[in-house]
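Protein chains in written order, with our numbering: chain C, 28 to 528; chain D, 815 to 1157.
By construction, these hints were calculated from the structure, which means they are not laboratory data. Ideal Cβ placement from N, Cα and C applies to all residues, glycine included. Take the hints with a grain of salt, since some may be wrong.
Said to hold, decoys possible - To give an idea of the interface, some chain D residues facing chain C are shown, with a C-beta separation under 10 Å as derived from the structure:
(1) Asp853
(2) Val855
(3) Glu893
(4) Arg898
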Amino acid sequence: MAFALLCLAPIFVMLTRVGAADLESLGSERTLALLGRTLKLGLHSTIIAVLIGAPFGFLLARTDVPGASLMRPLGIVPLVLPPLFLAITWTAMVELRGPYATAIVLGVNTFPLVALFTAKAAARIDARREEAALLVGGLRSVLRMELPLLLPGVLTGAALSFAFTVNDWSVPDYISSVGPKFNVYADEIFANWQLEAATGKAVVTALPLVLVTLAALLPALGLRRRGALATLDGDFRRPAKLQLGVWRWPAFAFCLAIVLFTVAGPVARLAYEAGGGSRGFTVGAFKESMATTLEFEREFLANSLIWSAVAASIAVPLALIIAHAIERIRGARLLEPIVLLPIAVPAILFGIGTINLWNHDLTAQLYDGNGMILLLYLGRFLAFPVLVLSGAVAALDPRLEEAAELAGAGPLRRLRAIVAPPLRPSMVGGWVLVFVFAMRELDAAVLVPAANHTVIFKAYNRIHFARDDSVAALCLLILFFLVLPGLLWSLFAREKLEVLP
Amino acid sequence: MPIPPPFRLLSACLVLLVGSVTTGCGGDDADVVIYCALDQVHSEPLIRRFEERTGLKVRAEYDIEAHKTVGLVRRIREEQNRPRCDVFWNNEIAHTVALANDGLLMSYDSPSAADIPETFRDPERRWTGFAARARVLILNTDLIKDREAPDSMWDLLQAEWKGQVGMARPLTGTTLTHVTALYDIIGEERTREYLQGVKDNEVHLTSGNATLMRQVREGRMHWGWTDTDDYWVAKSDGFPVDVVYPDSGPDGIGTLFIPNTVCVLANAPHPDAAKQLVDYILSAEVEEHLAKSRSAQIPLHTSLEDMPHPLDLKQIKPMDVDYQQVGAAINARHAELKEFFLD
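Just chain C, same shape as in the assembly (with noise of 0.2 Å):
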């Protein structure tokens, strides 16, 4: 009921407003054009994805490369950096134009999807048929026996990206203003919310991005249930780290480039005008434009970390019952596929969705005030924890809570004795995604009334007038913040952080 409420309603209250003329314009051959172009973009981007996150991620988690507990938490920041700060970074460091350079940007924005999941499925195999592989041909062998096992997470990683790549359009629009221009079928959504009155028109516009989304995310799902997920019962062996012998460096120095090229580079350039820029850049001015921004910028801060931190926490154990209940009640997997619908919609027919759907004298309290946020945040990310929480569910052995029910145990005692305490890593995930995700959320949120208090709001408000040094380093101080549950978890906690579903 709490995710159909949150989630899919706003949806379902937009689709009511498509009338049947409105499907008339579908299928013109420009919007095809637009849509094959899209396709094709999505799949040099995941191709660039797969190229460097497959290799980045098995490296980091499996091989002897040394610093990998360093680098392996460093090469997710370019997914929580929203793409256009990538974008406007790195154009102004190199000189990038086309649909490539397109690519590449996005791309390197969704590499650490594919590096994730690598990695997981990598950490999943069995050292013992490792051993036995690396006893019949050493690591060649090794590697040969482990291509297909690592192929589903790739996959999974691919489809992700692929869905994350084609539905921007702020980087194609934003890399194409020098040099010939790259439009995309997230562009014709756009200017169809610009001033058509007419909504239905611009519903429809979306639905066959929201069926390729749709498309890339489904295989990704039955991948998972697959893949090449242990159980937790207790049988499997961890596989110890391979080593790489003469290979250790060369893999030092790729793995290594990726964190300078796609970390370290728009960092540096942040701080670089944060500290004046082409002005002159001087650490006592870099202090400065911090501290002042920080100054000013507090309050906005503090708004976006609380409505993230309660949207997260509230989204967690939602979202346990959600996913507990999807695996466990007979046929509710089938159900899984809806799950996705939120991700996969534009943020901003969701968020006119939840101004018709919550707009009412009833609800006018609740809309007009800072609750409407949290059921915004909640709506839009609810879905990420329930896939993270309902992948570890599936991996765990129902057996332990069956014998707890004939021991006696109610079903919200075994969710909270037996299931959540093996969950823990995948529920602190499942914030983490949460808290990100609505942190760096705008299209959508820009929309109700308490996001004019977010941080974020704020960046891409003062971009247009502000001074560049103190954008500079307001999009420092978010990243910071974006980064800081993770940081936190892997600095204190003794279990690896699962965010994947």
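Position chain D against the provided structure of chain C, taking the given hints into account.
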């Protein structure tokens, strides 16, 4: 009976949710609600000043540049069955005219607007224009150097500038309004000829006017169309840029002004306070403040004609444009431009 732990957890979540609903900003405690598309950095201090003077509590909600006003206009349309907004302060005019034409605005003849020229006022007083920006050419002076600077919109199509100049893709914001106005001013055929020329001459199409300004100031383009506020930001930040008010000669069509507009919404929840706020926003004092800000807005009050201004306003020949016509045509033109540019 003790509450089972999972319920405790859920209860805590609900308490958090309810707590956040009933506290904090928003709600019906505001005396007047304004949706403001002008950049927050400029409009917020003025709104706070109004609060201090009148004691009225204003809830202000802003838009972001990237949304090109779409967020707030959409909200007004979607909320029309239960309006939450009293006053809409738009940073352009076309969407406001479209809202008026759809019956979403009420008439209010503000006494503060008495000396604003009729060109910038709706005959039915559903909206009033003030504090304008002008559509201008921004030049990179380091790149132009000894070359002859452009002085007309048609220079964009000259072969000598092929691949060196730019404009925002005319599907949003002031560039859309500008092109829509051109259909009226120079006629449909010549406008289409101009747009075809834009494509043929490999004019760079940026994601917005601010992006274009950044490309020019950093030397990636020689010059291009933008708004006076973007030009002035680059100029005051010390970049090597200059401005041209195109087609200002005796036979030229002049420079398009795009005013801010303010209006009261039909069925506004707080109509009296809304009118007070509109009176303040339309005052000469607000225009003067905006003229002196980093956005260097151009005052429209005749009483401010002689005020010192960072731009050389005497150089500008205003384009004679019918804003009602532009607002009425913008949806149809947008559809046509989308077919042409979104390919």
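Results of checking the hints against the structure:
1. Against a cut-off of 10 Å between C-beta atoms, the interface hint on aspartate 853 of chain D holds, since the closest Cβ of chain C lies about 5 Å away.
2. For the restraint placing valine 855 of chain D at the interface with chain C, the shortest Cβ-Cβ distance is roughly 5 Å, inside the 10 Å limit, so the hint holds.
3. Given the 10 Å rule on beta carbons, the hint for glutamate 893 of chain D holds: about 6 Å separates it from the nearest Cβ of chain C.
4. At about 7 Å, the closest approach between the beta carbon of arginine 898 of chain D and any beta carbon in chain C falls short of 10 Å, and the interface hint on this residue holds.
This entry satisfies every hint, going by the numbered hints stated previously.
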